[in-house]
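Colleague: Here are the chains, one letter per residue:
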Amino acid sequence: MTRLIAGPFNRVEGDLEIRLDVKDGRVAAAYVNSPLYRGFEQILVGKAPADALVYVPRICGICSVSQSIAAAAALANAQGLTPPENGAHLQNIILAAENIADHLTHFYLFFMPDFAREIYAGEPWAEAAARFRAMGGDAQREFLAARAAFLRIMGLLAGHWPHTLGLQPGGTTRAIGRAEQTRLLSHIAGLRRFLEARFYGDALEALAALDSADALDAWAEGEADAGGGDFRAFLAFSRDAGLEALGPGPGLYLSFGAYAQKGGHAFARGVWQGGTVGTLREDDITEDHTRAWMVRAAEGPRPPSRGITLPDADAADAYSWCKAPRLGGRGAETGAFARQLIDGQPLVTSLAARSGSNARNRVIARAVEVARLVLLLESWAAAIRPDEPFCLTAPMPDEARGTGMIEAARGSLGHWLDIRKGRIFNYQIIAPTTWNFSPRDGGGQPGACEAALVGAPVRPGETTPIAVQHIVRSFDPCMVCTVH
Amino acid sequence: MARDLPCDPVGNVARDATASPARLTLLWLQSGGCGGCSMSLLNADSPDLFAALDLGRIDVLAHPSLSEASGEDYHALIARILSGQQRLDILCVEGAILRGPNGTGRFHLQPGTGKPVMQLVAELAAFARHVVAIGSCTAYGGVSSAGNNVTEACGLAFEGAEPGGLLGPGFRSRSGLPPINIAGCPTHPGWIVETLVQLGHGAFSASDLDAYGRPRFYADHLVHHGCTRNEFYEYKASAKEPGQLGCLMEHLGCIGTQVHGDCNMRAWNGEGSCIRGGYPCIGCTEPTFGERDAPYLETPKRGGIPVGLPTDMPKAWFVALASLAKAATPERLRRNALAERIAVPPGGLSGKASGKPK
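Listed in order, the protein sequences are those of chains A and B. For the first sequence, our numbering assigns the number 111 to the initial residue and increments by one for each residue that follows. For the second sequence, our numbering assigns the number 2 to the initial residue and increments by one for each residue that follows.
Simulated from the structure, these hints should not be mistaken for laboratory data.
List time: in silico SDA-like cross-link candidates among lysine to any residue, alpha-carbon distance up to 25 Å:
1. LYS157/A x ASN149/B
2. LYS157/A x LYS241/B
3. LYS241/B x PRO194/A
4. LYS157/A x ALA295/B
5. LYS316/B x ALA295/B
6. LYS116/B x ALA423/A
7. LYS302/B x THR503/A
8. LYS531/A x HIS252/B
9. LYS531/A x GLY148/B
10. LYS241/B x THR503/A
11. LYS116/B x ASP422/A
12. LYS157/A x ASP294/B
13. LYS157/A x LYS302/B
14. LYS157/A x GLY309/B
15. LYS241/B x GLY190/A
16. LYS241/B x LEU502/A
17. LYS531/A x ASP294/B
18. LYS116/B x VAL132/A
19. LYS241/B x PRO499/A
20. LYS531/A x LYS241/B
21. LYS116/B x ILE115/A
22. LYS302/B x PRO315/B
23. LYS116/B x ASP131/A
24. LYS133/A x THR114/B
25. LYS241/B x ASP508/A
26. LYS116/B x TYR429/A
27. LYS302/B x ALA504/A
28. LYS241/B x GLU195/A
29. LYS302/B x ALA158/A
Just the calculated beta-carbon pair ranges, DEER-fashion:
30. ARG530/A x PRO301/B: 17 to 27 Å
31. ARG569/A x ALA80/B: 20 to 30 Å
32. GLU488/A x ALA321/B: 47 to 57 Å
33. ARG569/A x GLN86/B: 24 to 34 Å
34. GLN86/B x GLY571/A: 15 to 25 Å
35. ASN103/B x ASP508/A: 33 to 43 Å
Backbone N, C-alpha and C define an ideal beta-carbon position, used for all residues, glycine too.
My request is simple: use the sequences and hints to build the entire structure.
Modeller: Structure (structure tokens):
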């Protein structure tokens, strides 16, 4: 048995260290450490409830809108407030814009550059992969231009990104007219052009219509050369690099439901296990501190509505600042794969049946989700009625509880708020990567990434194994959210 | 303060660059923060980030979101810098310095080595020709130091508005400059790009920094400059609820008339700014950002007068001018200020003048 300490991992958001026990050329056990503590839950105590909207986006630079939406939802819940349709549409558009930008940033800046590394220099596709080279390969340059142009949506609707205050419990603070609606549609159209020309090499509708793993394989074979789109290139590289066999998920998948709209969510809320979608019960969620540098409640894991977050750097047996959220006592995976699976998207459902979630399928699920989201963006943008209200207000109660359960790009994000005497008494957050990159719990059960790493091949001489890097990045971890 | 610092005269920096057109090396290190300034930097357009680095003749040794190296390659790079084998021209630090708990730095340890990041930053700063603090957390502590500051967060050379921080007020990098504080939460990508290009061209000196170490090219402005709600401000026609068009100073907590930044003179994400997005300036470029006496969306007042008055404006004049302006407010502005969209256009709905002096 050899022990490796892997890290830092560049091209993940925030700090990450993983201890690997290696035996016979494979990872035998993995221990994921989030080596940064930030203290936002403590910062929020005593603040005016609405001030949460100033602080929580600053938990995370890459999911700031998601944090704002979750806080706005928790406050709206406490106030008994529902945004008007225009406000709900703009909230969803702003959140979807972040989600799309994050998925594509993951693809172009974080994940694909690994295929352009020296270790793959001997592969027949090495020349094609050079396009994805870190720090300025052609694909990165094209993507950054498209990203900046697309994120003009944030300047238009939210002031700027990241860290907007324009997302309020009762809607959004900038009412738009026909001219702004036209610009919004044109920014979405610009993204569609980039996606169809460079990312998919095909119409969005064609991607969204793929309904099985076999259909995807046939589509991938269609034009497998470099002109066939960057996503096709990914499918080719990942087949040769064996990504479908890397990083299996835990078999329990979670989604809080994405894009609240009249009558439910655009992507359904629920739990998937053993081929069946079930109901998500909020009461099943607890946070286990057994292996975290956190003060532990005497009675054991608590639900987040009564959770405590107090650091204890000397806590016994701890190895991470991240807590271990559990659903009915079990570790779950969350993210685009879980979200699309629980929504019953046919291709992801088919992939789940064939090989489950893994380093390849997680990336595919993001690509499917981007196509679906652009189509939704187009419909939401068209549905704006400039003559109707965008933002409502209501008094803030002195005593109330509020829950905001939403989906960020990386998965399920929950905010639990307790207001007493007009101030924040307790504010607890469970971020997506807190689920995926949790440490072990009191029962010794590993987190999703820890389990996914077991069995990963380690080549002779590797200290930060390439397979481990692929698996870690396939989750698109956001460590700064994790350790808020 | 900063303008009197004993550092290289302007000419030396410029001559140095002329004599040596060599490319500059840059290391970007993330400390205790959210990574949002990096994400904002990626929004840069015309020039975009890569074009700007080319323009500034800057080679990036490592950036956590962008570069290929992980693990051992990264550690080897740091070791080469700390042994003097690898020149480090620009050290960008993003995120507050977390000194807790109890000064140990254990709230933020470097992955792979377990070394407190605060120690790593101090070691690297000693080798850097220029040290750049990216964002208000890095400059002053920022939101990371809010509340009871449980993580003992501070900036590189400030702790809030007080000189101090990790490196101390006397710190000078090898160029003779104090840390360049690109304050903002987040920073505008243009602020970073333009600072880096100026450094790359040898065109940045101590006189380009304000008293809090911020580049004067953006910090010599007030957020109020270029505010699209200026007509409402002039007449004190104020919004009362989020989403309304009026001036946000009187009721909704806007401190843009006091806060340093050119936010309304250069667009964010193409055409935005906080105020254009319909919400107040909350002062994110200021050294005290992160804590405030009143809720952010409320204006604290004494005797009906906002406690915070526009910079350089005597209170008596503000009171006199405000009451005169209120008396003169055109009906158009009075109505539009409380609306989500323009209710009355200039000249009135029927084409006749709608504003009657009171």
